[in-house]
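Novice: Residue numbers (UniProt numbering): 1 to 329.
The hints are simulated quantities; they were obtained by calculation from the structure and are not laboratory data.
Hints are supplied without guarantee of correctness; some may be wrong.
FRET-style restraints, in silico, Cβ to Cβ [stated by the list, open to error]:
{"#": "1", "residue 1": "Met51", "residue 2": "Val275", "range": "32 to 40 Å"}
{"#": "2", "residue 1": "Ala236", "residue 2": "Gln145", "range": "26 to 34 Å"}
{"#": "3", "residue 1": "Pro207", "residue 2": "Arg249", "range": "39 to 47 Å"}
{"#": "4", "residue 1": "Thr87", "residue 2": "Ala268", "range": "39 to 47 Å"}
{"#": "5", "residue 1": "Asp129", "residue 2": "Ala157", "range": "44 to 52 Å"}
{"#": "6", "residue 1": "Thr70", "residue 2": "Arg251", "range": "54 to 62 Å"}
{"#": "7", "residue 1": "Ala209", "residue 2": "Pro149", "range": "40 to 48 Å"}
Ideal placement from N, C-alpha and C gives every residue a C-beta, glycine not left out.
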Amino acid sequence: MTVPLSVLDLAPVDEGTSVGESVAGSVALAQAAERGGYRRVWYAEHHNMPMIASSATAVLIAHVAAHTSTIRLGAGGVMLPNHAPLTIAEQFGTLAAVHPGRIDLGLGRAPGSDQATMYALRRDPSSADTFPRDVQELQGYLTGQSLVPGVKGVPAAGVDVPLWILGSSLFGAKLAAALGLPYAFASHFSPQALEAAVATYRREFQPSAQQAEPYVVAGVNVLAADTREEAEHHRAVVRRARALAFFARGRTLTDAEADLLLESGAGAQIDSMMVHTALGTPDEVRDQLDAFAALADADELITAHSAPTAAARVRSVDLTAQAVAAVPA
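Working from the sequences, and respecting the hints, build out all of it.
Specialist: This is how it looks when you write it as structure tokens:
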């Protein structure tokens, strides 16, 4: 591998487990990533999704940081329109003060939820329209150059919290380029605009105080296992779980019923979301990640290990690290 690897963790709540067990699994995953030489672990903000425990992103980061020593941790990302920029500056400023040099802050503009949850969050339907301005307001609090007269980010001001723009379209690419910020593309679930967005970002990038040159992180799914058969089995379980989550929410289906749902058309959509997936034995995964890094023109890959159990996810992280000899930070 010629680029470093990182990990994206949604803190999945596996069937038959508790949220507490899920968080413990996230700690174990981060510890595996740390010993394996991965650069960072990020957590994504999602709401009203019973199988994802990363909704309170800053709280989860704080807990994992207390159980690790060196690996960078961050949000991949915080959905900024759900929050006041000052609140996020205070949260991540506190994290960076407690864990200096280890905290990242990726920002997205999607709700990370449905319409009813947007109401429960008190998110205005038009709040995404102010995302660029909100990013700059947040940046001002972190740099000690507040755009709001008389308001300082405490304890955020002057604390080192690198900002990232997350996206899956040309909008995020253009904004990251205009602000001179690193850019992370969500190709692990929304791959369609990957190449166009990265090309746009690199072409339009304007250097900033934070970032002198463009820097691209691309998301990719990884299902590494000791045998190809085991990895294929994990993919089958993941496809069923995603079909239930997206097309049968609130219903309980047998494996046979889930397979029928996949065959009826849901499978094509799930597969289009997972098109960038490295699957198989460690050597197979290494070769696929190399090819994807070249396709994405990426400076770093963030790997989403989506095996159906916490132990299998940790094993996938370990096997991938052993195979690719991840580039150290």
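Novice: For which of the previously enumerated hints does the structure constitute a violation, in increasing order of number?
Specialist: Hints 1, 2, 5, 6, 7 contradicted; others consistent.
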